[in-house]
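Those sequence lines, one after another, are chains X and Y.
Under the numbering used here, residue 492 is the last one in the first sequence; the count climbs by one each step, no gaps.
Under the numbering used here, residue 592 is the last one in the second sequence; the count climbs by one each step, no gaps.
One thing to keep in mind: the hints can contain errors.
To be verified - Here are the simulated PhoX-like pairs of lysine-lysine, each with C-alpha atoms no more than 25 angstroms apart in a straight line:
| id | chain 1 | residue 1 | chain 2 | residue 2 |
| --- | --- | --- | --- | --- |
| 1 | Y | 403 | X | 79 |
| 2 | X | 26 | X | 71 |
| 3 | X | 84 | Y | 491 |
| 4 | X | 222 | X | 266 |
What the hints contain is simulated information worked out from the structure, not anything from laboratory work.
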Amino acid sequence: MLKVEHISGGYGATPIIKDVSFTVPKGKILGILGPNGSGKSTLLKVISGVLPASAGRILLDDKEINTYSTKELAKKMAVLPQLHANAFSNSVRDAVSLGRYPHQSSFFASWSEQDEQAVQTAMMQTGVQQYEHAYLEYLSGGEQQRTFIAQALAQCAGLLLLDEPTNHLDIAHQQQILDMIRKEALECELTVVSVFHDMNLASLYCDELLLMDKGQVKAFGKPHEVLLETQIAGVYGARVATYAHPELPKPQVTQLPKLKQENLFAAVTMEHFTITDNFVQFQADAPLKVISSAVYNAGMGWYTTFINRTVEPTYYYENMKEELLSFLTARGFVPTNTVMMLTALEAQNAVIESYADGLVIVAVTAGVGNAVDVTRAFEQDEQPHIGTINTWVIINGKLSDEAFYQAMITATEAKTKALAEENIRDARTGTIATGTSTDSLLIAATQIGDEMPYAGPVTTIGKWIGRGVFEATSKAIAKYKMEG
Amino acid sequence: MSQNKKGVIAYVISLALLLISIWLGIAVGSVNIPLSTLWDKETDPTAYSILWNIRMPRVMLAALIGASLAIAGAAFQGLLKNPLADPYTLGISSGASVGAVATIYFSISLPLLGTFTLPVFSMLGAAITMIIVMTFARLVDRTMKMETLILTGVIFSSFLGSCISLMIALTGEQLRLIMGWLLGSVSMRGWPYVQMIIPFVIVGVLLIWLNRRELNAMIYGEERAKHLGVDVKRSKYIILAGGSMLTGAAVAVSGTIGFVGLVVPHMVRMIIGADHRLLLMLSFINGASLLVICDLVSRTIIAPTELPIGVITAFIGAPIFAYIFYKQRRKGGA
Numbered sequence: 009m010l011k012v013e014h015i016s017g018g019y020g021a022t023p024i025i026k027d028v029s030f031t032v033p034k035g036k037i038l039g040i041l042g043p044n045g046s047g048k049s050t051l052l053k054v055i056s057g058v059l060p061a062s063a064g065r066i067l068l069d070d071k072e073i074n075t076y077s078t079k080e081l082a083k084k085m086a087v088l089p090q091l092h093a094n095a096f097s098n099s100v101r102d103a104v105s106l107g108r109y110p111h112q113s114s115f116f117a118s119w120s121e122q123d124e125q126a127v128q129t130a131m132m133q134t135g136v137q138q139y140e141h142a143y144l145e146y147l148s149g150g151e152q153q154r155t156f157i158a159q160a161l162a163q164c165a166g167l168l169l170l171d172e173p174t175n176h177l178d179i180a181h182q183q184q185i186l187d188m189i190r191k192e193a194l195e196c197e198l199t200v201v202s203v204f205h206d207m208n209l210a211s212l213y214c215d216e217l218l219l220m221d222k223g224q225v226k227a228f229g230k231p232h233e234v235l236l237e238t239q240i241a242g243v244y245g246a247r248v249a250t251y252a253h254p255e256l257p258k259p260q261v262t263q264l265p266k267l268k269q270e271n272l273f274a275a276v277t278m279e280h281f282t283i284t285d286n287f288v289q290f291q292a293d294a295p296l297k298v299i300s301s302a303v304y305n306a307g308m309g310w311y312t313t314f315i316n317r318t319v320e321p322t323y324y325y326e327n328m329k330e331e332l333l334s335f336l337t338a339r340g341f342v343p344t345n346t347v348m349m350l351t352a353l354e355a356q357n358a359v360i361e362s363y364a365d366g367l368v369i370v371a372v373t374a375g376v377g378n379a380v381d382v383t384r385a386f387e388q389d390e391q392p393h394i395g396t397i398n399t400w401v402i403i404n405g406k407l408s409d410e411a412f413y414q415a416m417i418t419a420t421e422a423k424t425k426a427l428a429e430e431n432i433r434d435a436r437t438g439t440i441a442t443g444t445s446t447d448s449l450l451i452a453a454t455q456i457g458d459e460m461p462y463a464g465p466v467t468t469i470g471k472w473i474g475r476g477v478f479e480a481t482s483k484a485i486a487k488y489k490m491e492g
Numbered sequence: 259m260s261q262n263k264k265g266v267i268a269y270v271i272s273l274a275l276l277l278i279s280i281w282l283g284i285a286v287g288s289v290n291i292p293l294s295t296l297w298d299k300e301t302d303p304t305a306y307s308i309l310w311n312i313r314m315p316r317v318m319l320a321a322l323i324g325a326s327l328a329i330a331g332a333a334f335q336g337l338l339k340n341p342l343a344d345p346y347t348l349g350i351s352s353g354a355s356v357g358a359v360a361t362i363y364f365s366i367s368l369p370l371l372g373t374f375t376l377p378v379f380s381m382l383g384a385a386i387t388m389i390i391v392m393t394f395a396r397l398v399d400r401t402m403k404m405e406t407l408i409l410t411g412v413i414f415s416s417f418l419g420s421c422i423s424l425m426i427a428l429t430g431e432q433l434r435l436i437m438g439w440l441l442g443s444v445s446m447r448g449w450p451y452v453q454m455i456i457p458f459v460i461v462g463v464l465l466i467w468l469n470r471r472e473l474n475a476m477i478y479g480e481e482r483a484k485h486l487g488v489d490v491k492r493s494k495y496i497i498l499a500g501g502s503m504l505t506g507a508a509v510a511v512s513g514t515i516g517f518v519g520l521v522v523p524h525m526v527r528m529i530i531g532a533d534h535r536l537l538l539m540l541s542f543i544n545g546a547s548l549l550v551i552c553d554l555v556s557r558t559i560i561a562p563t564e565l566p567i568g569v570i571t572a573f574i575g576a577p578i579f580a581y582i583f584y585k586q587r588r589k590g591g592a
């Protein structure tokens with residue numbers, strides 16, 4: 009366990025770090041973050057004893073760090089500094105073997121079974137044993153970095169101090185090294201303190217983060233407590249946004265460039281729609297921000313092409329994803345740039361309407377043969393039938409995340425109202441239907457023009473979405489009835 | 259395993275080279291002496307006398323000096339992390355030279371020491387310089403970083419060098435003597451000189467050799483070495499003391515013989531790598547061989563005139579060094 013109490017220190021008379029305190033329990037990983045010159049590396053140097061602390065004390069396993077002899081300390085604490093060029097070099101094996109120095113006696117050092125074991129394990133963990141006999145100077149920066157990590161691991165110390173351990177490493181090796189360190193922390197109770205340049209990596213791998221600013225602790229806590237947009241923006245002086253990691257409950261930070269990149273966006277009109285025999289296509293000039301429940305590329309993302317594809321009522325594939333992909337590539341669509349929905353209806357049945365001078369464009373295909381009252385659906389366990397309502401709401405404006413979700417609610421409510429007005433009933437219960445069992449919705453916005461923080465029923469955009477979806481859905485249902 | 263095998267092979271070859279060098283050194287000369295004379299006193303008493311009283315001490319002295327300079331060079335290069343460092347980098351040799359040149363210049367001869375006044379004064383010069391350089395470096399920078407040491411060495415070397423130049427400029431009849439001493443020689447010294455430096459060689463080599471693993475750690479930098487558990491400060495002092503002792507003793511008895519301390523460690527490093535567990539002693543053995551051969555060349559190449567050995571080492575050493583430098587850079591792909 010490492011305990012740092014009110015330490016100050018640095019080079020010369022003026023301290024670079026001031027009054028820093030924190031504790032790292034056994035088996036935990038602490039990440040130190042901060043802008044250039046905030047004192048991250050200096051803090052690490054003071055902890056490792058390279059620079060003296062002018063005030064405060066550092067306790068390693070409840071004993072002050074400067075009461076250990078150099079050799080005793082090396083058994084308890086391994087340090088990996090930033091990589092430096094060396095005038096002479098040894099083989100990887102020799103370099104890693106040096107990690108055993110503190111465990112050997114001074115005069116006639118003998119190489120024990122334990123030493124050999126530790127060196128082999130460290131080389132295996134870092135994946136450098138394949139270069140075992142190569143000379144360091146002929147290895148890449150990443151290979152050298154991993155060799156020095158192996159050297160530190162061979163020390164078999166309980167505390168590991170790292171200064172940007174993933175410097176020079178590609179992402180596969182970043183993962184390999186950090187996963188390995190994480191595993192050591194979990195399984196062998198290795199305590200780790202590491203300076204990170206990359207906030208996202210730090211968030212992913214650290215239990216706690218310490219944010220430094222001008223030599224002082226700005227924040228200390230769990231990643232979600234430290235990586236706050238305003239805090240990061242304040243300390244680094246850069247615009248950032250945080251978002252959730254797709255798999256782990258850890259925040260991620262992304263940069264928001266200051267320079268406006270207007271050429272990445274473009275307004276949309278009715279002209280962007282085409283209807284062919286097989287599908288309704290919307291092709292924008294620039295990507296739109298989209299949230300959808302489509303069959304292909306659902307979720308939130310940026311897409312230029314939307315397809316509402318007509319399929320046979322019997323459409324079924326074991327590997328649907330593959331079939332959808334081959335459909336898109338066969339027709340020259342870019343799969344990563346396209347959202348696709350499926351319907352049994354002919355493309356000609358689509359209703360496409362523009363509202364408020366093109367502020368909102370709504371496109372609907374409605375097949376209601378499979379209409380369902382969602383409030384009664386629990387009564388029966390049934391496979392979905394053919395017949396679906398696909399709704400696209402395309403907005404010329406800049407929506408907030410909140411507005412996107414509100415737009416989905418508003419559009420859904422309007423659809424349900426249209427079904428009621430058209431007196432569409434659940435065939436089984438005889439009650440008014442709320443939709444079909446396979447309805448799909450897409451909300452897209454150009455993200456230029458007016459800012460629209462909300463899209464509820466009382467906002468301008470909400471009103472047009474409500475009216476647009478209601479009218480277009482009603483028309484589509486009427487068309488369906490006529491066809492039927 | 260393979261590392262050990264490599265070490266054994268390197269030791270065997272180096273020792274064989276040393277034995278051959280010594281054999282050539284004692285056998286070849288104005289009078290060629292058969293090897294049997296070593297133990298056979300009766301057949302040719304003159305040859306026996308030349309061998310034991312002239313050739314043997316001369317070869318032994320050359321071997322000891324070459325060995326001392328080479329191991330000191332290897333240690334200083336590793337310690338200072340500088341491939342261009344040599345035993346003379348820290349100015350200790352300049353101190354020894356000032357002591358020696360001053361002895362000649364002022365014609366000092368202390369009654370008790372007699373002809374040994376010069377080596378004793380020279381050693382004193384080396385010792386005083388070592389203390390001043392280290393004290394000054396410590397004053398500049400408490401942690402005595404390697405860069406500080408090198409710069410301090412450069413300052414003192416150039417200052418002491420100008421003192422020597424001054425004495426050379428002002429001297430008249432002693433010029434030849436001074437120049438002869440400065441260029442280095444192992445001739446006409448005899449057994450007393452060998453006996454004089456042996457204790458320094460033993461202690462110096464031991465001090466350095468005990469820090470072979472610490473030197474391995476220190477080539478990655480002082481900070482890294484400290485983190486690996488090396489008591490950097492202590493090791494630094496011990497290595498500096500050992501290296502200075504070897505350098506001072508070598509310069510005091512033979513003058514400033516260049517290039518052995520620079521080139522031999524590089525050659526050894528090229529062949530077996532920078533592992534000081536092998537590098538130090540292999541430099542020691544091969545340094546001995548090189549200087550014995552250089553001495554042989556210096557006294558036979560334009561016999562009966564004898565060239566100063568310092569001329570030969572640089573003459574042979576500079577091209578070898580140029581070749582190694584070229585090869586190493588080419589190998590690095592630069």
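Tested hints:
1. As the CA atoms of residue 403 (chain Y) and residue 79 (chain X) are separated by approximately 20 angstroms, the hinted pair is consistent with the 25 angstroms bound.
2. Of the pairs offered as hints, the one joining residue 26 (chain X) and residue 71 (chain X) holds, with about 22 angstroms between alpha carbons and a cut-off of 25 angstroms not exceeded.
3. Only pairs whose Cα atoms come within 25 angstroms are accepted, and residue 84 (chain X) paired with residue 491 (chain Y) is accepted, the gap being roughly 20 angstroms.
4. A threshold of 25 angstroms between alpha carbons decides the hint, and for residue 222 (chain X) with residue 266 (chain X) the separation of about 24 angstroms falls inside it, so the pair holds.
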